[in-house]
Amino acid sequence: MKAQKSLPPFEVMEKMSNKERGKLLDEQLKWLVAYACEKAPSTRARFDQAGISPSKVSGIKDLENLPLLRKDALVDLYKANPPLGGLVTVPITELERVYVSPGPIYDPHHSSETYWRRHVHLVNSVGFGKGDIVVNTWMYNLVPAGLMIDEALRRAGVTVIPTGVGNTELQVQVMHQLKATGFAGSTGFFMNIITKAEEMGLDIRKDFNLRLAVIGGEMGGGPIRKTVEEKYGIATGDMYGTADVGLIAFECSAKNGMHIAEGVILEMISYETGKQIEPGEVGEIVVTPIDETYPLIRFGTGDLAGLIGEPCSCGRTSPRITRLLGRVGDAVRTRGMFIHPRQLEPAMAKFSQVAQYQAVVTRPGTRDDLTLKVELKTEEGINKEQLADELNQVVSEALRIKVDRVEFVAKGVIPEWHKLIVDERVY
Amino acid sequence: METKKSRPSPPELERMSPKERQKHLEERMREIIAYAYERAPAVKERFSKAKVKPDDIRTVKDLERIPMLRKDDLIALQKATPPFGGYLAVPMDTLERIYQSPGPIYDPQRKRGFGSGSALGPDFGKGQLVMNTWSYHITPAGLGVDQLLRSMGFTVVPTGTGNTELQVNIMHDLKVHGFCGTPSFLKTIIDKAEEMGYDFKKDFNLKFAVVGGEMGGEPLRKLFQEKYGIFCMGGDTYATADVGTIATGCEKQSGMHITTDAIVEIVDPETGKQLGPGEEGEIVVTPFDEVYPLIRFGTGDISMLIDEPCDCGRTTPRLTKIMGRSGEAVRVRGMFVHPKQTDEAISKFPEIRAYQLVVTRPQHRDEMVLKVELSEKGVDKEKARAVPSALGNERWDFTVKGVVDREKLEAAVDKAFRDVCKVRFDRMEFVPKGTIPEGAKRIVDERKY
Chain A
336 MKAQKSLPPF
346 EVMEKMSNKE
356 RGKLLDEQLK
366 WLVAYACEKA
376 PSTRARFDQA
386 GISPSKVSGI
396 KDLENLPLLR
406 KDALVDLYKA
416 NPPLGGLVTV
426 PITELERVYV
436 SPGPIYDPHH
446 SSETYWRRHV
456 HLVNSVGFGK
466 GDIVVNTWMY
476 NLVPAGLMID
486 EALRRAGVTV
496 IPTGVGNTEL
506 QVQVMHQLKA
516 TGFAGSTGFF
526 MNIITKAEEM
536 GLDIRKDFNL
546 RLAVIGGEMG
556 GGPIRKTVEE
566 KYGIATGDMY
576 GTADVGLIAF
586 ECSAKNGMHI
596 AEGVILEMIS
606 YETGKQIEPG
616 EVGEIVVTPI
626 DETYPLIRFG
636 TGDLAGLIGE
646 PCSCGRTSPR
656 ITRLLGRVGD
666 AVRTRGMFIH
676 PRQLEPAMAK
686 FSQVAQYQAV
696 VTRPGTRDDL
706 TLKVELKTEE
716 GINKEQLADE
726 LNQVVSEALR
736 IKVDRVEFVA
746 KGVIPEWHKL
756 IVDERVY
Chain B
276 METKKSRPSP
286 PELERMSPKE
296 RQKHLEERMR
306 EIIAYAYERA
316 PAVKERFSKA
326 KVKPDDIRTV
336 KDLERIPMLR
346 KDDLIALQKA
356 TPPFGGYLAV
366 PMDTLERIYQ
376 SPGPIYDPQR
386 KRGFGSGSAL
396 GPDFGKGQLV
406 MNTWSYHITP
416 AGLGVDQLLR
426 SMGFTVVPTG
436 TGNTELQVNI
446 MHDLKVHGFC
456 GTPSFLKTII
466 DKAEEMGYDF
476 KKDFNLKFAV
486 VGGEMGGEPL
496 RKLFQEKYGI
506 FCMGGDTYAT
516 ADVGTIATGC
526 EKQSGMHITT
536 DAIVEIVDPE
546 TGKQLGPGEE
556 GEIVVTPFDE
566 VYPLIRFGTG
576 DISMLIDEPC
586 DCGRTTPRLT
596 KIMGRSGEAV
606 RVRGMFVHPK
616 QTDEAISKFP
626 EIRAYQLVVT
636 RPQHRDEMVL
646 KVELSEKGVD
656 KEKARAVPSA
666 LGNERWDFTV
676 KGVVDREKLE
686 AAVDKAFRDV
696 CKVRFDRMEF
706 VPKGTIPEGA
716 KRIVDERKY
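Quick note, the sequences are listed as chains A and B, same order. The numbering used here numbers the first residue of the first sequence as 336 and each following residue consecutively. The numbering used here numbers the first residue of the second sequence as 276 and each following residue consecutively.
One chain only, chain B, in its complex shape (with noise of 0.2 Å):
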């Protein structure tokens, strides 16, 4: 697809009026929706399905005539059409990379990565180093911030996640200036180096931070500014691993502004219809993207628009902060946790015969304790072979005499919950048989912000 010459930029768009810029994005809605309808099969299917074509959707409100595309439905199209599930509008020799969600769920590197869009250009981190604390393993966002920060200028020092004490020598010994991540883990590390007998303000050059993947990262936030000089750039930046990024707040943090290169809608979950400003409803994104063009994609988190005018002179719609999930999937420290998930994990334990995921937040960290009931006579040796062995020979050592050896249960089940769900639980909680009731949610949110 190419680019019109007449083509505004994104700085331009974030700017204009709401109507003509409306009008923009509406011809870039029905080209993208006309290339996808041609070269993704999945896509002309689905219209298909709806009966609808091309040609009707010529506005945002027409939209609503598509059903939206869950994530739940795409995995399931991946399965039956793997890897893409009939999204992909190039050949597969043209990727550069494929990622992989817990779902699973596969993505393709896209054009639109995380950073088009944004209205800073290519010069705006020269002379700046930046940690980006993000997981470059498997999942797209370490590697996608990584590509954006690099794109406007910056020198990226790729941390990942986790050896805290590292990543204190390592702000500390390079001079740096930004961190990425989530805001609890900058906190771990300011509290590690704090431990070491720094002084933060003095003895660190940190001097912005780019923080989200949580929820309730607002009072980290204000810490970070107030105590430590810490300027959260930005406020908060909200994407998804399936379209990139949706939403990035500006200089005056006061939510986040949607981005220009994709149609943001608020819908109420149940019927799929548009929601006006200030009504809390599902975030669904068509991304103007020419390499995976999911159409009317419900990222399951809820959020609301605020159409009023932001000081910093943009006049894009903003979304408040996240406000939770429409389905049962948590996010656990910048990671999803699906019921699917802890299934997987725990289902290779005949040792365990109920168990429920409580997500708290104590102290600004998300804080995941597993409840386990055990079963009341050790293992069902027959059903013990049936299932896939988590860990090779050392399978069977758990149930001693008819009696489950709970350390080395709990170490088990560490690793195989974090091979699964890719982040780890503070602990395990032995409970009484009859503790977690039969049919109670697997995974419960009890986190208050």
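So that you can see chain A by itself, here it is in the shape it has in the complex (with noise of 0.2 Å):
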């Protein structure tokens, strides 16, 4: 087998037209796949099943019929294929760590050289580099997320303070006492550690040193990141990835939507069809990551977000993705077509008087049936009839679905904590 090529330097890539991109990358995928095929007998049987042929693929178009691997299939073949369910490139006793996640998946540790471009090249992107003292706090024991940004902060030059998930008030003592430059985390954490600060006293603009806040990982954190850059002066990034695939996007200075990071082919795929997504559609992030360690074909993130067409004053002209706006598996098929909380939520927003809502999917025939449910804030001087029917008109319009009937309900007949729409037909 031929040896793999080494793409060019990703500051000149991340400029290239998408043409010449995509001719780079299609010709690594081909080394790549022929590669999978050879060494991960499970990647070889996931071709041999769709009926592809590992030589006849020169492009990423030549995949459109091979399923995607979602994250329950990878499960199901760690079940079957132990240690490392068929998909690692090497024995296990040649990784120099093995990870756990949920499943569990066993994680291999990355040693392919475009792995670590990419992690490199997507850390200094979002703005951390060398003189940088930054407070990782993703978690470092069992799962990849620790380890992994930490060797890829300390590739790209920066002094990591490894303190891992906890422990807020210490958090809060490091990051002030070694006057850390950055943080690495969850938004939801980092709000912890600040709101900690001002408890314990400390003024975020006067005692801390902090420039940048890579928060990411939850979806909604827009407003959060707001307060962060105008009420504590501290800029904000993002980025995006997962345990099996690595970092695979990120935010630059424009701060409007998410870059692919070179060394990564995007798809971005319809829920409904299964096909690629125009731009200004929303889809399913789906990547094959150039990656000889753990080439992950196709693998489907199960995360949604929009396929943003217009080019990025960054200069950047790698594909851009908006902020996550949702989980495939949300999404409920009703009479054919797919309805998903992303839909829901815009449509209900126009609605201040209500407080909480569920939409509900039965079937007590043949058909399936739409209630929408409404917790109102108060029921004074409202003409529900009249509501009722505004209500039934918008969120028709949003779920391209007809809603049956919109039902006013008792505060606490829908949970605090719900799903907004809930499957409940039996077959």
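To be clear, the hints were calculated from the coordinates, so they are not data collected in a lab. Check the hints yourself; a few may be wrong.
Claimed, not checked - With a straight-line Cα cutoff of 25 Å, these simulated DSS-like cross-link-like pairs (lysine-lysine) come out:
id : chain 1 : residue 1 : chain 2 : residue 2
1  : A       : Lys365    : A       : Lys391
2  : A       : Lys541    : B       : Lys354
3  : B       : Lys298    : A       : Lys514
4  : B       : Lys476    : A       : Lys414
5  : A       : Lys514    : B       : Lys354
6  : B       : Lys401    : A       : Lys374
7  : B       : Lys467    : A       : Lys465
8  : A       : Lys531    : B       : Lys683
9  : A       : Lys414    : A       : Lys340
10 : A       : Lys374    : B       : Lys450
11 : A       : Lys350    : A       : Lys340
12 : B       : Lys615    : A       : Lys531
13 : B       : Lys482    : B       : Lys462
14 : B       : Lys482    : B       : Lys596
15 : A       : Lys514    : A       : Lys465
16 : B       : Lys328    : A       : Lys414
17 : B       : Lys690    : A       : Lys531
18 : A       : Lys414    : B       : Lys450
19 : B       : Lys386    : A       : Lys514
20 : A       : Lys340    : A       : Lys365
21 : B       : Lys477    : A       : Lys414
22 : A       : Lys396    : A       : Lys531
23 : A       : Lys531    : B       : Lys354
24 : B       : Lys298    : B       : Lys324
Said to hold, decoys possible - Covered by chain A, according to a simulated footprint, are these stretches of chain B (three or more residues, beta-carbon under 8 Å):
id : stretch
25 : 339–346
26 : 372–382
27 : 398–410
28 : 516–530
29 : 679–688
No experiment lies behind these values; they were computed from the predicted model shown. C-beta atoms are modelled at their ideal positions from N, C-alpha and C, and glycine is treated no differently.
Both chains are given apart, each in its own frame, so use the hints to dock them into the complex.
As structure tokens, then:
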């Protein structure tokens, strides 16, 4: 087998035309598919089952008929083929580390050159580099997150304080005393630390040296980030990744969506049709990272995002997606259409009278029935009949299927933490 | 600092005649002292205070002229000149990581880690999986051991502490060969496996363990070897967060050979004078470390030297087991607990007027009981307001109508204690007023080995 070619420097690649980049990535993919099918039996089996000959693959377009590899399938493969699911290209004892994710999935530590080049470039692009002292609060035990980000930061020249998650008070102390310039972790945990610091009498602007907080991994972090920037004067950044494939997207200084990292092939797939979506639409993030240690081909993240068509003002030409909009599994197929909470949410946001709501799908006979349950903030001065009509119209339009009825329910009927769309059909 | 070409390798150093080795070690000692004096301002200051110049220190005996650097001194120095108290000898932005240990004390990631000086080559661990159960967070233990294991060719499963059942599953599923951690945690895992219905010897593949960090591991090591066939590699290993590995056991398991990339002295903790083999004293270390050259660092641990030759062929002196601490701090389940820390944790609770932490070892596991005396009339609200809140808004819930809710208080103290000390006590005992005498020791070590 031919040796893998190196990709050009990522500072060069990120400015290339899509066509040029696509050509380089297709070349890599061709090599990766051949390599993975030779070394990873479960990948070979996926190709065989789909009737695709690895040697005939010359680009990502040839893989449209290869079913996505989703997390639950991954768990099954690990169960069926211990210890590494037939997915890793080297024997377990040649790995530097083996991680443990829920499943259990035994994630390998990556030794691929492209993998680490991608991570270093991503960390640099998000704004960290030499001279930074970064508190890394991702967990180091068991799962890959903490140690993976630790290594990426160190390779990018950063001094890391490996605090891990928890011990809020200690985190405040360390950040303060070591004059940390950066933070990496979840949005929620960052806010815990900030709150704790204020409780302890510290002034975030004066007593801290924090320049950049890369807080991500959560949906709906937008308003919090605004607070962090405006109230505390700390810039924020975002990185996106999964335990399986590592970091795959980052927010640039333009803060207008996330760029897909160089060294990753992105497909945005419609959860309705399974086909590539157009810019402006929402689909599942599907990636094939160029990574010879753990070549997951067409890995379906289960995360939904919008595909942005316009070029970014930062000058990078890499594909761009919106912040995460939900999970594929949240969609409920009703009368042949997928309805998703992310469609329901903006529609309901228009009704300020509503305290809680939930769409319920049942199947009394042979037809899917859709009820919208609504709890009002107050019933005073509300014409329920009229409101029900308005709700029905707006929501039916957003979901693209007809709501059968709007039901006003008493306080407490809809639990505080609930799914926005619940499937109660019994077949 | 460049390494000279003619310098013998660690395995060579470990096997040469003591006299010849002393010559090499003293040469390196002189180099590191000259280097540290030039680059680390705190070293220069310490030397000036003692009225010594680097040239005055030619032999190990001459080291006595430099006052020891105690952990408490280092904590104070770091406070005065953050973050490293003037001991960092390289630019800050060249550091890969910074750790924090209880004190608080900050440790830069050194070049000389937990492994250098080891006679085992990079192929030693090839083909073997090791579970590293030292904590990877904040303190250097987990990441230091991880680095060492990987440099020896092992594949590491970075499990960290806790999650016993998951640890059992991982050990079983991955057919793990080796274990790193405290002896008591390995015992906990074995017990859990048996409770889950496994026959540990048959169903598991655990061949060796590198255990340490606790006093009194011998009976457990014996149990692991005799009952379960787990070879306790190197017997014991002795390392501290500040200077890394100091001594490692060999296959003969008769004491721990001191490393060849540091000068290790046993001294009288009162006078700082060196003691001979067979005499109990404090372990004092001068690591050959270019990043963080702590000269004459007093570990606070008490041990003694054996200088008879070992059957393994190494000629290096050996430390016997660690016999205790010269200060007040005690090492519990591998973590040091200082009275300063317990004070910090308990001071948040004005409900508590006096406390004492009692450490025992009923069955191969360190047990901590926190004895507390409650304030007579509930809480002095004014005083309470002045103390930083431990639990945010829940703070006021402990005292209802003048009566302290003991369960809630215990939960809150447990959390505060864990946050500060990083280990948890086993239970809290409410004792009548006057049980804990005024001025009593705050930590009492009642362990018998």
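Outcome of the hint check:
no., hint, result
1, A:Lys365 / A:Lys391, "holds, 9 Å"
2, A:Lys541 / B:Lys354, "holds, 19 Å"
3, B:Lys298 / A:Lys514, "violated, 43 Å"
4, B:Lys476 / A:Lys414, "holds, 24 Å"
5, A:Lys514 / B:Lys354, "holds, 13 Å"
6, B:Lys401 / A:Lys374, "holds, 20 Å"
7, B:Lys467 / A:Lys465, "violated, 45 Å"
8, A:Lys531 / B:Lys683, "holds, 21 Å"
9, A:Lys414 / A:Lys340, "violated, 34 Å"
10, A:Lys374 / B:Lys450, "holds, 22 Å"
11, A:Lys350 / A:Lys340, "holds, 20 Å"
12, B:Lys615 / A:Lys531, "holds, 22 Å"
13, B:Lys482 / B:Lys462, "holds, 15 Å"
14, B:Lys482 / B:Lys596, "holds, 24 Å"
15, A:Lys514 / A:Lys465, "holds, 15 Å"
16, B:Lys328 / A:Lys414, "violated, 65 Å"
17, B:Lys690 / A:Lys531, "holds, 15 Å"
18, A:Lys414 / B:Lys450, "holds, 15 Å"
19, B:Lys386 / A:Lys514, "holds, 23 Å"
20, A:Lys340 / A:Lys365, "holds, 11 Å"
21, B:Lys477 / A:Lys414, "holds, 22 Å"
22, A:Lys396 / A:Lys531, "violated, 51 Å"
23, A:Lys531 / B:Lys354, "holds, 22 Å"
24, B:Lys298 / B:Lys324, "violated, 28 Å"
25, 339–346, "violated (count 0)"
26, 372–382, "holds (count 6)"
27, 398–410, "holds (count 5)"
28, 516–530, "violated (count 0)"
29, 679–688, "violated (count 0)"
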